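Chains A and B supply the protein sequences, listed in that same order.
Adding 59 to a residue's 1-based position in the first sequence gives its number in my numbering.
Adding 131 to a residue's 1-based position in the second sequence gives its number in my numbering.
Just so you know, these hints were derived from the structure itself, not from any lab.
As the structure is a computational prediction, the values presented were derived from the model and not from experiment.
Positions of the beta carbon are idealized from the N, C-alpha and C atoms, including for glycine.
Please note that the accuracy of each hint is not assured.
Simulated coverage check for chain B against chain A, where a stretch passes if three residues somewhere in it have a Cβ under 8 angstroms from a Cβ of chain A [stated by the list, open to error]: (1) 277 to 290; (2) 295 to 306; (3) 310 to 323; (4) 336 to 347.
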Amino acid sequence: MESVPLSAYLTLSAFLFAVGAVGVVIKRNPIVIFMCIELMLNAANLTFLAFAKHQPTLQAQVAGHVFVLFVIGVAAAEVAVGLGIITVMFRLRENIDIDQVNLMRE
Amino acid sequence: MFPASFGANSPEMPAWVVRYTLGRMEAFVVPEIEWSVMLPFITVVATALAVLIAEMFLPRERHTPLVLLGLIGIGIAGYFQLVNWQVNLTTFAGTVRADSLGAILNLAVLGATALTLLLSDDYLRARQIRYGEFYPLLLFATSGAMLMVSSTNLMVVFLGLEVMSLALYVMAGLARTEVRSEESALKYFLLGAFASAFFLYGIALMYGAQGTVDLQQVLANLAQFEESGFSRLLTVASLAMMAVGLGFKASLVPFHMWTPDVYQGAPTIATTYMSAVAKVAAFAVLIRVVFNTLPFMELWMPVLWALSALSMGVGNLMALIQRDAKRVLAYSSVAHAGYLAVGLVSANQTGLTGMLFYLFAYSLMTVGAFGVLTLMARAGDATTISALSGLYRRQPFVAHMMAILLLSLAGIPPTAGFWGKWYLFLSALEANHVWLAVILGLTSVVGAAYYLRLAFSLYAEPRETPVVPWRVPVPMVVCLLVCALGLILLGVRPAYLAEPSAQASKQVQIVRPTNLSLQK
Chain A
60 MESVPLSAYL
70 TLSAFLFAVG
80 AVGVVIKRNP
90 IVIFMCIELM
100 LNAANLTFLA
110 FAKHQPTLQA
120 QVAGHVFVLF
130 VIGVAAAEVA
140 VGLGIITVMF
150 RLRENIDIDQ
160 VNLMRE
Chain B
132 MFPASFGANS
142 PEMPAWVVRY
152 TLGRMEAFVV
162 PEIEWSVMLP
172 FITVVATALA
182 VLIAEMFLPR
192 ERHTPLVLLG
202 LIGIGIAGYF
212 QLVNWQVNLT
222 TFAGTVRADS
232 LGAILNLAVL
242 GATALTLLLS
252 DDYLRARQIR
262 YGEFYPLLLF
272 ATSGAMLMVS
282 STNLMVVFLG
292 LEVMSLALYV
302 MAGLARTEVR
312 SEESALKYFL
322 LGAFASAFFL
332 YGIALMYGAQ
342 GTVDLQQVLA
352 NLAQFEESGF
362 SRLLTVASLA
372 MMAVGLGFKA
382 SLVPFHMWTP
392 DVYQGAPTIA
402 TTYMSAVAKV
412 AAFAVLIRVV
422 FNTLPFMELW
432 MPVLWALSAL
442 SMGVGNLMAL
452 IQRDAKRVLA
462 YSSVAHAGYL
472 AVGLVSANQT
482 GLTGMLFYLF
492 AYSLMTVGAF
502 GVLTLMARAG
512 DATTISALSG
522 LYRRQPFVAH
532 MMAILLLSLA
542 GIPPTAGFWG
552 KWYLFLSALE
562 ANHVWLAVIL
572 GLTSVVGAAY
582 YLRLAFSLYA
592 EPRETPVVPW
602 RVPVPMVVCL
612 LVCALGLILL
622 GVRPAYLAEP
632 SAQASKQVQI
642 VRPTNLSLQK
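Using the sequences and the hints, build the whole thing.
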């Protein structure tokens, strides 16, 4: 039954997390940056679930599962607020390139 | 319905439970819940909901009842917190940690919220951003901060962090017709969510390494010390990730880049609030994490040392060259994060006492100082230092109060700011971090330069027509009196706060790595 080893899950999630983190740094469109952040959150979720599978007690397993459910909820709330902010920004200046967000740089 | 506890083979377990759990249920324990320690939190959430509902029924322009309702709720919550400040227990199945440390920091959070509420009505009216949603958002952010302060379970901490942060993002973008406010909200949101992802990944690794997300159990595991190299590696990686996430929230260098821009662009009332509450909450979590992973302190220490020293240096030096008062205070908040982190590096009772004292005093200082800047609301938040000069001519009272706050921020003796720095200085010496203590002393001198420059400009001849109004709103007078007199009282009688802080720090278990060497 133990077909996919833990290390494979961990490698994949670390890779996803790295892709997300690099994306946040190099991308210039806030929506794409936001997608990269979601990727990072999902990498964390995958890590939780992979580890949960290998916990000895039911309580410890469920702790990981429940955490993932909460993270999904939190991510949804983040989408609501984040897209709201991006929309307002777009209404104000019709250009949401991150490089243009520099009013306060002196 | 169920007996309080039953084992796997006990006859009381219903058949469906066995079926549903595939017989793997070791012990199902109905958690014992101590409601009284959660009353402050419950009161704040109930108040937020009440304000949200009341806001719907009030005319758009009337905010006074909302402020009053909020203040009453905060007052009740503060009363509940004061009544059981000497508790020391873990309840709600280990998700809530009620101790004196949490109580002191919760009181700081509640105090900062109440003072912000006092200032908010006049500010929002002057800026013409009359959104009643501000008040429930403020209270929800407070509830999130309280969750962060009073839990050692990283799941609850993460939820609290997100509840607080999401409300703060919206508050930063409250002036939605102003590009500057939206820019700050966008920046805060993107970088904040980025940091949260790091924090979350750190928690996931901790869960993998220790099989739990409860920091108290982590400490118990570490103290037993049956660790494989793999789980040790995971724990180290987890701590590094969490340091990134929390360093961002506490605005420690090099994760401070957002602080000046967000503080400057956000409506000043939101800045007032976040500078105090977000800092207290972030440091509460840092305290919980660091003191529950002390066996790893050998690895933590150089990282925290560097973060602390860099924050003190960069924060103070950058503050010297700013021309905007909000940016000066933003960099000063970076510097203060550095001072506070000294207590984390030394990781002893004195350091903990100093951090608690300083966090409480810092809330008063920063709320008061940014509160004075809300006077500039009518000029659209033009908060250049020259706009503040000559404040004394128009508003002698406000100028005096601001001078006291600035002296306290600089750490000049008859104020609380001095004692906070003094305890942290002592703790660094006690832990043999002489160089860190020296850096703390030297950077404080640099800091005094720009605080005093700001203070002198208040009394100087105005260089341009000051934008300060002729009349000060009564709530601001109350707020400034509370902050300034509180700081002087704590400066003259530091024991009023230092003794409770010392008591609280004694509740925290300090497990030194000396007797359980990490090299195996």
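Here is what the structure says about each hint:
1. 277 to 290: Coverage by chain A holds for the stretch 277 to 290 of chain B (3 residues, Cβ < 8 angstroms).
2. 295 to 306: Held - the stretch 295 to 306 of chain B has 4 residues with a Cβ nearer than 8 angstroms to chain A, which meets the minimum of three.
3. 310 to 323: holds (count 10)
4. 336 to 347: holds (count 6)
Going through the hint list in order, the structure satisfies each hint without exception.
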